[in-house]
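Colleague: Here is how the chains run, residue by residue.
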Amino acid sequence: MNLEALEPQARDIIRRYDQRRAAVLPLLWLVQENFGYVSSEAEFWVGRLVGIAVSHVREVVSFYTMYRTQPAGRRELRVCTSLPCVLRGAEGVLGRLKQRLSIGPGETTPGGELTLTEVECLCACEIAPMAQLDEQFVGPLDGASLEALVREALRDPKASGQIQEPQPFIDTSGPVLSTRFKDPEGTWLDAYVADQGYVAAKKALSMTPAQIIDEVLRANLRGLGGAGFPTGRKWSFIPKDNPKPKYLVVNADEGEPGTFKDRYILERDPHALLEGMLIAAYTIGSHKAYVYIRGEYFRPAKRFQRAVDEAYARGWLGKNIQGSGFDLDVVVHRGAGAYICGEETALLSSLEGGKGFPKLKPPFPAISGLFQCPTIVNNVETLACVPFILREGAERFAALGTPKQGGTRLFSVSGHVNRPGLYEAPVGVTLREMIDKHAGGVRGGRRIKAVIPGGISAKVLTADEIDVKMDFDSLMAAGTMAGSAGVIVMDDTTSMVEALQSAVKFFAHESCGQCSPCREGTGWVNRIMHRIVEGQGRLQDLDDLLGIARAMEGKTICVFADAAAWPIQSYITKFRAEFEEFIRTGRRVPQEVAECRP
Amino acid sequence: MPTLTIDGRQIESPEGSTVIQAAEKLGVFVPRYCYHPGLSIAGNCRICLVEVEKNPKLQIACNTPVAEGMVVHTKSAKVEEGRRSVLEFLLANHPLDCPVCDQSGECDLQNFYMNFGLYDPRFREQKVKKKKAVAVGPHVMLDQERCILCSRCERFTDEISKTGEFGIFQRGDRAQVGLYPGQQLDNRYSANVVDICPVGALTERDFRFKARVWYLSSAPTVCNGCAQGCNVDIHYVLDRPHLNDGARILRLKPRYNEHVNQWWMCDEGRYGFGWVDKGRLKKVRHQGRDATWEQAIAAIAAELDQIRQNGTGSTLGVMASTQLTNEELFLVREIFQGVLGARVAVSGPRPPGDSDDFLIKADKNPNTHGAALVGLSDHSAPTSASIIDDAVQGRLEALWVFGHDLTTLADEKTLEELSRRLRLFVFSGTNDNPTVRWSHWVLPTSAYVEKDGTFVNSRGRVQRIGVAFPPLPNSREDWSVLLEIARQLNHPLAWRNPQEIFQAMAQTLAPFAGLTYDALASQGAGAATP
Chain A
0 MNLEALEPQA RDIIRRYDQR RAAVLPLLWL VQENFGYVSS EAEFWVGRLV GIAVSHVREV
60 VSFYTMYRTQ PAGRRELRVC TSLPCVLRGA EGVLGRLKQR LSIGPGETTP GGELTLTEVE
120 CLCACEIAPM AQLDEQFVGP LDGASLEALV REALRDPKAS GQIQEPQPFI DTSGPVLSTR
180 FKDPEGTWLD AYVADQGYVA AKKALSMTPA QIIDEVLRAN LRGLGGAGFP TGRKWSFIPK
240 DNPKPKYLVV NADEGEPGTF KDRYILERDP HALLEGMLIA AYTIGSHKAY VYIRGEYFRP
300 AKRFQRAVDE AYARGWLGKN IQGSGFDLDV VVHRGAGAYI CGEETALLSS LEGGKGFPKL
360 KPPFPAISGL FQCPTIVNNV ETLACVPFIL REGAERFAAL GTPKQGGTRL FSVSGHVNRP
420 GLYEAPVGVT LREMIDKHAG GVRGGRRIKA VIPGGISAKV LTADEIDVKM DFDSLMAAGT
480 MAGSAGVIVM DDTTSMVEAL QSAVKFFAHE SCGQCSPCRE GTGWVNRIMH RIVEGQGRLQ
540 DLDDLLGIAR AMEGKTICVF ADAAAWPIQS YITKFRAEFE EFIRTGRRVP QEVAECRP
Chain B
0 MPTLTIDGRQ IESPEGSTVI QAAEKLGVFV PRYCYHPGLS IAGNCRICLV EVEKNPKLQI
60 ACNTPVAEGM VVHTKSAKVE EGRRSVLEFL LANHPLDCPV CDQSGECDLQ NFYMNFGLYD
120 PRFREQKVKK KKAVAVGPHV MLDQERCILC SRCERFTDEI SKTGEFGIFQ RGDRAQVGLY
180 PGQQLDNRYS ANVVDICPVG ALTERDFRFK ARVWYLSSAP TVCNGCAQGC NVDIHYVLDR
240 PHLNDGARIL RLKPRYNEHV NQWWMCDEGR YGFGWVDKGR LKKVRHQGRD ATWEQAIAAI
300 AAELDQIRQN GTGSTLGVMA STQLTNEELF LVREIFQGVL GARVAVSGPR PPGDSDDFLI
360 KADKNPNTHG AALVGLSDHS APTSASIIDD AVQGRLEALW VFGHDLTTLA DEKTLEELSR
420 RLRLFVFSGT NDNPTVRWSH WVLPTSAYVE KDGTFVNSRG RVQRIGVAFP PLPNSREDWS
480 VLLEIARQLN HPLAWRNPQE IFQAMAQTLA PFAGLTYDAL ASQGAGAATP
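Sequence lines, in order, name chains A and B. Take 0 as the starting number for the first sequence in numbering that gives the first Met the number 0 and just add one per residue. Take 0 as the starting number for the second sequence in numbering that gives the first Met the number 0 and just add one per residue.
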C-alpha cells in the first residue's frame, strides 16, 4: 500500500478545510478509493496527517458503515432493506440474491467478484425494491432486472456494460422546485442562466442582509429538512459582533427512509441550490460554505461538484463574485454511511472529522457551531427555494402555501402506490390528494391501511386520518409530523408488525450510541420486535414496548430517540389488535387479506 | 452572580457555572456517571436529569447553565422516574456480574440503583456480548460488558494524559470502549482511568481480587514518591492478614487537591508503596545481634554525650534525609547541630529520575524543599559525599545515617573499613539495605504512613501526612527516637508529638510562621515566602 504516493492529494484535501481534523473522512475515502479498504497502516497515516491519535481514526472508521477495514470483492452490491423497500419486496430480493450468489450479507463471492451488503435506506424509494452496485442505484428489482443486475455485478468492472437507468415518476411541473428536473442528465449553468438562473443572486448582492432576511421571513419559508423552523429567523440568529468566521453548512445528508428529494435537486438542478447558498451566505456574512452529502450519494456529489466548478469558472463563486466584492468558497464534503449525520449538530461533528455525535446544546450552532464558529445549517430543498423567493417575491411564494408556511415542497411518495415518485405540490396539499392524484392511488385498487406522512420517524396515520393538509402545523395538529415529506403508503396487505420491525431495526442500526436511553433503548426494542416476529412474543411485550418508548422520549441530546419512539407508540396504539393477534396466532396480516397477498 | 432555587433553597452560583455545580455547593447530590469536574462535559449518561421549571423536558444538570431566577427540582416524581428509566437502560446490557466484580461496593451503578433504581426489571432479552477481562496495559483491566460508555476514560487520555489511547468504537448498542488493536494503555498516568470509571469496566490489575473494598480502611496522606506531594488516600487492611499476604496497604487513590494534583496521580507514585510492607527492618540490632530500644538509646546517647563532653562535635557526621518530616528534620537540627555541633548533611536517599510538565518531578524525595526551609541545606551545609569523605579520611568518630544506602557513595570495602574504624555507626531507617550490615546499631523506624508530620512540596506547599496506621511492632517514629536521645542527653525538649514540634517551628522558623496543623487541614497551605 503506497500511501506516500497519495500525499500530494492528501495535502490538497487538507488545505480545503479550516481545521486539519476535518479532513479525516475525505482522507479515508481517498485511501479506500485507491486501495479498496482502509488498512491499519492507512489509519496511522491519516492520524499522522491530521494530528490525531490512531484510536480516534479507528473510531471514525468503525462508526460509518461505508469504510471497510478488510479487502472486499471487486464490486459491492448494497441491498436496501428499509421499510419502503420492504413494502415492495426487499426481503425477496435479498433472498434471491443470497440464493443466486450463494453468499450472505457481509460476504464475498469465492472468486472475489462481489461483496453483498445489507444496508438501511439509500433514499431511492421511488425505485424500490432497490440496490446500489458500487456507485449506481438500480431498481426496481423484479425478476428480470435482478438477473441482469447479478450478471452485471459479477462481470469485470472494466468490461462492464451499462445498467439501464430507472425511470421513476418525477414531477417537472413546478412552480418552485421541480421546473428544471426534466433532463435526467441535469440542468447546467447555461441552461440554468437561460431560465432566469442567478437573477435572484444578483439582486440579493445589491440588497442588505436585513432586507433579505425580511423577504425570506415574509415568504414564510420553513426548514424543509424536517424541523420546519422559519429560515429567516434562523439566519437572524447569527451574531453580528462576533469576529470569528461564519459558516454556511448545507445538509445534504438525506437519509430519512422514504425521502429522496434532495438527490433530485443535487443531480438535476444543482445551481438552484448553489444560488440559494450564495444568497444565504451573503446574508449571514459567510465566506465559506460546506455541503455535506451522504456517502452513498456518489453521483449527486459528482454532479454538484460539477456545478460548483462551473460556478467558479463563471464568477459565481470565488473572490469578488460578479464584481460585488463578496467572496464565497464552497467545499463539497462526503459522509460515509450514518443516518444520524442528518441531525445538524451530528453533521457538524462529522464534518469536523469525528463520529457523528450530536452536540450538547447550548451552545447552539448559530453561536458556536462548526469549528466553534457561528454556523447556519440549512437543508438542500430549503436553500433551493430561496432564489424563487427573491426573484418572484415573498408574497408569491407565501401565497402558494398556508398562512404559516409558504411555498411548495417536494413530496417523496413510496410504498404501495401506483406511481412511486417525487411530486411538487403546495404545502397545503392533503395527504389523500398526494396519494390519489399525484401518486396514482394505491396499487391494484387496494385499500389504504396506514400512511407515514413525513419519513419513517413520523407517527403513522390510519386510512381515515389522511384528509389532512401536509404543512408542518396541520400535521402536527394531527399528532404526527410533516418531517421530510417522505410519504410511505401501506395498503391492507401490510403487516404492521413487520413494518414496525423494519422501523425499529433501522433505529437500532443508526443510533449513534452516545446517550444511554437511545443506545440501549433502540437495541432493546429491536430485540423484542425480533422475538415477536420470530413467534416468541408475549402480550406483555406490547406494554413493555410502549413503556420503553416512553422512557426513551425527551431524555437525550438529540431527537433521534424520540423519533425512534414515535413509530413504536403509533403502530402499537393504532393497530394493537393486529399486534395481539400476531402474538397469539403468528399470523402476519389479518386473515381476510392474507390469501390475496401478492 | 445569578441566584437560583434548587429544591426550595436559594443559592448564588457564578455566571457560566452549571446546575450540578450549584447543587453541589448546596450539598444537594445529583447522581452522575459521565460528568467529572476534571473533564470536559459529555452529557451522554443522562442520569443527572433534573426538572427546570418552565422547561417541558428534563434537563441534564451537568450542561444546564445557571440563570437568574431558575427553579430546579432534583427530587421530583418526574426526575425520579427519569432516573429510573436511565438506570433501566444502563443495566439493560450490563452483565450484572457484581458477585465477581472487583468494583462491587464502590460501584455507582450499584449505588444509584439502590437509591433510584427500578426493582422489577423488564429486560428479558439476550444481552450484547463483548470482551471481558482484557489487560489493556500494565495496570488496567478492561471489561467491555460492564462499561456504560460514559467516555470518562477516553476524555482522560485525550485531555489529561494527552496520550489518546482510548476510543469508543462502533455505534448504537454495539459501541464499545477500547484501544487501537495492538496498543497498550501504558502512559504514566494510566491507572487514573480506574479511579474515574464509575463502574467495574476498568479495574486495577494490581488490586484485583485482593480484597473486597468494604474491608478497606482509608486514611489521607501525601505521596512520598516525588517532590510533587500528590494528595492520596491510603487504603489498608489491618485485621485480615490472610487477604494480602499480611501486607497492610492494598492500594493508593489520589485525593483531590486543587493546588497540587487535582484528581490525579502518576502510576509510579500509585504503585510505589510496596516497601511499606516488604523488606522492613523489624528489630533493633547491635553488631549483628538483637537488642532493645532501651539498650540502643542508652548506648548511642552515651557515645554522643562523650562527643559533647569532648567538644568534638565536628567528628560526628549525620546524613539526614529528605524522606524525613519537617518535624524530624527540625529535631535533627536542634539536637545534632544545636546541642552536639555535628556536621549535618541532608539529601534524598532516592536518586533523581525523570520528570514531565504535569505531576512527575525529577526529585523523587518528598521533602527536599522542607529540609531547606528548616535550614538544613544552606550553602554551608556539607554534602553527603563530603561526610563520607570525612569518614574515609578519618576525620569522623561517629556517623548517623538516616535511611541512606551508602553503597551509592562508597564501595563495600570502604564501608567495612569505616565500620571497623568508627566508634559509633548508627543506621536508622525503615527498610533493609546494604548499609545496614556495616552499621553498629540498626534502628527500625516508621514509614511515613505510620507517623504524623509534614512535608513541603517543590512548590512550597506545606502538607500534613497524618497517620494511616500505627508503626510496625518494635519500630519507632524517627521523631520519637530523636526526642528520646535528647532526653538521654539531658537536653529534654518540651514537645511530646509532631504537632507540638510544628508549633515550635512556626514560632521560630519564618517559612512556617502562622501555620498550624488545623490550618493545614486536608489541603495544606503555602509556606511563607520571604
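Source of the hints: derived by calculation from the structure; they are not laboratory data. What you are looking at is a predicted structure, and each value in this text was computed from that prediction instead of being measured. Don't take every hint at face value.
Computed list of lysine to aspartate or glutamate pairs in DMTMM-like fashion (alpha-carbon distance at most 20 Å, straight line) [as the list claims (entries may be wrong)]:
hint	chain 1	residue 1	chain 2	residue 2
1	A	LYS360	B	GLU50
2	A	LYS97	A	GLU151
3	A	LYS157	A	ASP133
4	A	LYS97	A	GLU32
5	B	LYS56	A	GLU533
6	B	LYS128	B	GLU105
7	B	LYS77	B	ASP119
8	A	LYS301	A	GLU134
9	B	LYS126	A	ASP308
10	B	LYS277	B	ASP119
11	A	LYS243	A	GLU151
12	B	LYS53	A	ASP328
13	A	LYS301	A	ASP328
14	B	LYS130	B	GLU158
15	B	LYS277	B	ASP96
16	A	LYS243	A	GLU112
17	A	LYS573	A	GLU552
18	B	LYS56	A	GLU146
19	A	LYS301	A	ASP543
20	A	LYS360	B	ASP194
21	A	LYS360	B	ASP96
22	B	LYS126	B	GLU80
23	B	LYS77	A	ASP11
24	B	LYS77	A	GLU552
25	B	LYS126	A	GLU151
26	B	LYS24	B	GLU257
27	A	LYS360	B	ASP238
28	A	LYS287	A	GLU351
29	A	LYS201	A	GLU134
30	A	LYS318	A	ASP328
Colleague: Would the hint linking LYS130/B and GLU158/B be met if the CA-CA limit is 20 Å?
Modeller: With Cα atoms ~26 Å apart, LYS130/B and GLU158/B exceed 20 Å; violated.
Colleague: Given the hinted pair LYS77/B and ASP11/A, is their alpha-carbon gap at most 20 Å?
Modeller: violated (53 Å)
Colleague: Has the given pair, LYS360/A with GLU50/B, been kept, meaning a C-alpha gap of at most 20 Å?
Modeller: holds (16 Å)
Colleague: Take the C-alpha atoms of LYS126/B and ASP308/A, compute the straight-line distance between them, and say whether it is at most 20 Å.
Modeller: With Cα atoms ~51 Å apart, LYS126/B and ASP308/A exceed 20 Å; violated.
Colleague: Is LYS24/B close enough to GLU257/B, meaning Cα to Cα at most 20 Å?
Modeller: Holds - the C-alpha atoms of GLU257/B and LYS24/B are around 16 Å apart, at most 20 Å.
Colleague: Are LYS277/B and ASP96/B close enough, with their CA atoms no more than 20 Å apart?
Modeller: violated (34 Å)
Colleague: Between LYS301/A and GLU134/A, is the straight-line Cα distance small enough, at 20 Å or below?
Modeller: The given pair, whose Cα atoms are some 11 Å apart, holds under the 20 Å limit.
Colleague: For LYS301/A and ASP543/A, compute the direct alpha-carbon distance and say whether it is at most 20 Å.
Modeller: violated (46 Å)
Colleague: Starting from LYS53/B, check that the Cα of ASP328/A is at most 20 Å away, please.
Modeller: Distance of about 42 Å is beyond 20 Å: violated.
Colleague: Check whether the Cα positions of LYS201/A and GLU134/A lie no farther apart than 20 Å.
Modeller: violated (36 Å)
Colleague: Can the restraint linking LYS126/B and GLU151/A be considered satisfied, given a maximum Cα separation of 20 Å?
Modeller: violated (41 Å)
Colleague: Could you grab the alpha-carbon distance between LYS77/B and ASP119/B and see if it respects the 20 Å cut-off?
Modeller: Judged against 20 Å, a Cα distance of about 19 Å means the pair holds.
Against the hints set out earlier in the document, violations occur for numbers 4, 5, 6, 9, 10, 11, 12, 14, 15, 16, 18, 19, 20, 21, 22, 23, 25, 27 and 29.
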